[in-house]
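**Student:** Listed below are the residues making up each chain.
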Amino acid sequence: NAGVTQTPKFQVLKTGQSMTLQCAQDMNHEYMSWYRQDPGMGLRLIHYSVGAGITDQGEVPNGYNVSRSTTEDFPLRLLSAAPSQTSVYFCASSLMPRDLRYGYTFGSGTRLTVV
Amino acid sequence: GEDVEQSLFLSVREGDSSVINCTYTDSSSTYLYWYKQEPGAGLQLLTYIFSNMDMKQDQRLTVLLNKKDKHLSLRIADTQTGDSAIYFCAEIIGWTGGSYIPTFGRGTSLIVHP
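These protein sequence lines are chains A and B, in that order.
All residue numbers in the first sequence are consecutive under our numbering, ending with 115.
All residue numbers in the second sequence are consecutive under our numbering, ending with 114.
Only chain B is shown next, with the shape it has when bound in the complex (with noise of 0.2 Å):
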């Protein structure tokens, strides 16, 4: 089955680094993503990872994937106010009886205070 699990919340202090964490149950997921949510808005697409990689680095943002315990991490340098949204962690099953129909975690929501 599918099932993306994220904590509900993290608090960091301006200028921390903040991890936000996701598990995944589906090991043959093809694609991860991580998605933004300002308050108010849509989801804005940070970043995305193959599953044949890794890490992968975006200025400010660093994703971790550990394949072997279905764990994806987003790590954000320097946190600033502006950071201060929900994050949400999704996951698509592609190739062959893939339907490429996310599946999204219930999102953290990042509080970053002075």
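The shape of chain A in the complex, shown without the other chains (with noise of 0.2 Å):
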């Protein structure tokens, strides 16, 4: 199993690009999330799905945009990027509910600069 996949590593964006995060998992896991990592707020939830088909808002859903076609994957659209979005970017799935023993994996980020 890769796990939790990720790409690009790195990107640098200008203001007001479109790009799309990618974020696929081989574990046929129900529930994946992103979040976004800033110094000293820790990780704050931009959206989530818990299964094809169904995403839902986070914590700071404005500026990303989410679509959960296939099981596999998550992929984060940032509409027109702004310097506020520079951050690391964490993709995460679960097999919850039906085990919550494992928690979530989280992929290697994403990080993520805007000019």
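Keep in mind that the hints are not guaranteed to be accurate.
Restraint ranges, calculated between C-beta atoms of paired labels, are given here [as the list claims (entries may be wrong)]: (1) A:14 with B:50: 43 to 49 Å; (2) A:80 with B:52: 28 to 34 Å; (3) B:55 with A:15: 18 to 24 Å; (4) A:102 with B:55: 36 to 42 Å; (5) B:53 with A:9: 36 to 42 Å; (6) B:114 with A:53: 51 to 57 Å; (7) B:81 with A:73: 24 to 30 Å.
The hints are simulated quantities; they were obtained by calculation from the structure and are not laboratory data.
Predicted model, so just to flag it, every value in this text is computed and none were measured.
Think of the CB as a built atom: it goes at the ideal place given N, C-alpha and C, for glycine as much as any other residue.
Put the complex together from the two separate chains, hints included.
**Tutor:** Printed below as a string of structure tokens:
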């Protein structure tokens, strides 16, 4: 199993550009989430999905869109990048609610800079 | 409401024990977790504890849960330089009405010096 794979690992965008952060998992997890991590702020939930075709907003959804057409993939779209979106983005997936013992599995992150 | 709190920094000497503390405010929390994040990497699950447990031990790691005070701690015995990382506490409210979406603390940076 590859686990949770995020691409790209690094990205620099100009203000106003759009892009998609990719996330894929091969563990047949129903639950998938996107977080951003900023210094001193911990992890903040952007969007999450409890299964294919179902998505919901988290704590900081503005400026981001998601879709979940398959169980494996959960891309995050930045519609019009702003410097405030400079952050490290993590995708995570989980066996919940079938098995809570394993928590969430995280990808290695995408480091995004918006100039 | 849900709020998980941790102190931001902890500095220990190599070989000593480290104790990282966490408080949570929702008494219906079902599962509580500790994650480790090394520089430049994602979060890695270290251990978990169910709300019907008081203690869990796994090699050098001991987790203590005080449900009355809503306090969770992670003790690392014989701390090594490789334990230097950020440690996150997280809670999940399961059962009826739970979303199974974790709430994370802001993380405690553990610095281990020789």
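**Student:** Does each hint hold? Answer for all of them.
**Tutor:** Going down the list of hints, with the structure as the test:
1. A:14 with B:50: 43 to 49 Å: holds (48 Å)
2. A:80 with B:52: 28 to 34 Å: At 48 Å between Cβs, range violated.
3. B:55 with A:15: 18 to 24 Å: Given about 51 Å between the Cβ atoms, the range is violated.
4. A:102 with B:55: 36 to 42 Å: violated (20 Å)
5. B:53 with A:9: 36 to 42 Å: holds (38 Å)
6. B:114 with A:53: 51 to 57 Å: For residue 114 of chain B and residue 53 of chain A the Cβ distance comes to about 53 Å; the hint holds.
7. B:81 with A:73: 24 to 30 Å: With a Cβ separation near 38 Å, residue 81 of chain B and residue 73 of chain A fall outside 24 to 30 Å, so the hint is violated.
Hint check: violations occur at hints 2, 3, 4, 7; the rest are consistent with the structure.
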